[in-house]
Amino acid sequence: MNQELTPAAAGAYLLLADRVQAYLQSRGRAGDTSLRTETARELLTSLEYTLSLSPGPDPAQSYAHGLAILRRREREVWDLLRLVRATAPEDGGLFGALTEIEAFLRGYEPELFAHLRPPEPDYAPLLPPPGELLGVDWVRAYLDRLWLENQFLAAFSPEELAACWDTSLGLGGPPENLAEKPLLHGLGRALLSPGPLPLAGEDLEALATALARPGALDRGLDRLCRELPARVREYLAGYLPGLALRLEGPMRRGDLTPVFYGAE
Amino acid sequence: MENALEIYQEQLARRELRSLSGLLAGHGLVLTEEDVSSLLELRRPALQNAGRVELGGGVLPKLARAFCDSPYVDRESFPTVLGDLQDAFYYYKTESLDQFSDEELIEYMVKVFNGPAEGSAELLCGLSLEELCRWARNGGAISFEEGIY
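First to last, the protein sequences are chains A and B.
Quick note on the numbering used here: the first sequence kicks off at 33 and runs consecutively.
Quick note on the numbering used here: the second sequence kicks off at 886 and runs consecutively.
Warning: the hint list may mix true and false statements.
What the hints assert, rightly or not - Per label pair, the in silico range of CB-to-CB distance:
no. : chain 1 : residue 1 : chain 2 : residue 2 : range
1   : A       : Pro151    : B       : Glu891    : 33 to 39 angstroms
2   : B       : Thr965    : A       : Ala156    : 40 to 46 angstroms
3   : A       : Ala135    : B       : Pro930    : 37 to 43 angstroms
4   : B       : Gln933    : A       : Gly139    : 38 to 44 angstroms
5   : A       : Ala62     : B       : Glu891    : 20 to 26 angstroms
6   : B       : Pro930    : A       : Ala62     : 25 to 31 angstroms
7   : A       : Ala49     : B       : Arg1022   : 33 to 39 angstroms
8   : B       : Gln933    : A       : Ala42     : 23 to 29 angstroms
9   : A       : Gln93     : B       : Asn934    : 25 to 31 angstroms
10  : B       : Pro930    : A       : Gly88     : 34 to 40 angstroms
11  : B       : Thr917    : A       : Leu166    : 45 to 51 angstroms
12  : A       : Arg59     : B       : Val915    : 48 to 54 angstroms
13  : A       : Arg138    : B       : Arg1022   : 35 to 41 angstroms
No lab work stands behind these hints: they were computed from the structure.
Backbone N, C-alpha and C define an ideal beta-carbon position, used for all residues, glycine too.
Using the sequences and the accompanying hints, generate a full structural model.
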């Protein structure tokens, strides 16, 4: 080995060379001597990501540990996918997104392209997964959000949910996210007198008064999530700052209809 | 760091090319250290132009092995021909979207070089991938107008 190459650099180089060989072999090109620059770059990014999961002085050992972590996470993500699918409300958009995730997981190659994420699914959770997450970590965050939303939705009857979703139909289709309207109307109901969802148009005036009190949204969420796991409340709390901003204008104008009935 | 890696890779290539000296000598050919240095210097821009990366000794030893028994190369022309072929190889490899293995591509290049191109690396290198495949399969004679210049 060249004297100018430090042992750590040599170790990293050998790891990359090994990944390149593994890639070429997996594509039926075991004897090839070169590959496209962009492919090499992806292999390198994958390697760096895997190494970052278990940093240490020995690159080979770090890589082996990192890969073991990824494989474990991949198994967990499969379990989570099954759970989300089993608990999801019947909805074409959501099931389509879960099918896309499944297709991605079936083709996932942690030993070559650990960092790759699936194409942006058509169904977005209330809160997007952090953009810096890669590979199965991103998928896990995406599915975990759906799992939390499913637990929230399970607190309502199918009739109530369907009636909440109907409030979006004026926009020309089903809601982009199934939890959003039940959450909005659920928060409103929690601040007003008990009753079924969704809120009626005449409830909105009283709701505007209730929302004007400090800490109203947090209080409403506390009441709404009383029977739900703490993680669900914690997750939904992340939605409140954005909602508070969206409510500002309609509150000033004294008309909450755009937010609750979808004509924003 | 990058320099160190490049030096290391060059060493691998040198080692592989040196190991061919017996085979080359059997065909009356020689690659001097100077020839090898020139070829390795040509490798970097050739790879860059084709958008490719090599780890290890690279394709030069394979090309040297495949073309050393060509009736159209001699001691004098061999290093230059190898340089041209290296350039063409990377170009074809990328053009083919890596659908050809190194061996398949080299086999086609040998067929055309020893056949219709009659030992003209310039002619061979001027062919598009499609033309290379066609001439490798069908043989015949190529005129300079066939290539892309």
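Going down the list of hints, with the structure as the test:
For Pro151(A) and Glu891(B), the Cβ-Cβ distance of about 36 angstroms falls inside the hinted range of 33 to 39 angstroms, so the restraint holds. The beta-carbon spacing between Thr965(B) and Ala156(A), approximately 59 angstroms, falls outside the hinted interval of 40 to 46 angstroms. Taken as a hint, the range 37 to 43 angstroms holds for the pair Ala135(A) and Pro930(B), whose Cβ atoms sit roughly 40 angstroms apart. The beta-carbon spacing between Gln933(B) and Gly139(A), approximately 31 angstroms, falls outside the hinted interval of 38 to 44 angstroms.
At roughly 25 angstroms, the beta-carbon separation of Ala62(A) and Glu891(B) lies within the given 20 to 26 angstroms, and the hint holds. Between Pro930(B) and Ala62(A) the Cβ separation comes to about 27 angstroms, which falls inside the hinted range of 25 to 31 angstroms. Between Ala49(A) and Arg1022(B), the C-beta spacing of about 35 angstroms keeps the proposed range 33 to 39 angstroms intact. Checked against the hint of 23 to 29 angstroms, the pair Gln933(B) and Ala42(A) passes, with Cβ atoms roughly 24 angstroms apart.
Under the hint 25 to 31 angstroms, the C-beta atoms of Gln93(A) and Asn934(B), about 38 angstroms apart, miss the expected range. Checking the proposed 34 to 40 angstroms range against Pro930(B) and Gly88(A) shows it holds: the Cβ atoms sit about 38 angstroms from each other. At about 48 angstroms, the CB distance of Thr917(B) to Leu166(A) agrees with the hint of 45 to 51 angstroms. For Arg59(A) and Val915(B), the Cβ-Cβ distance of about 36 angstroms falls outside the hinted range of 48 to 54 angstroms, so the restraint is violated.
The hinted window of 35 to 41 angstroms between Arg138(A) and Arg1022(B) holds, with their beta carbons roughly 38 angstroms apart.
The structure fails hints 2, 4, 9, 12 (numbered hints given earlier, in ascending order).
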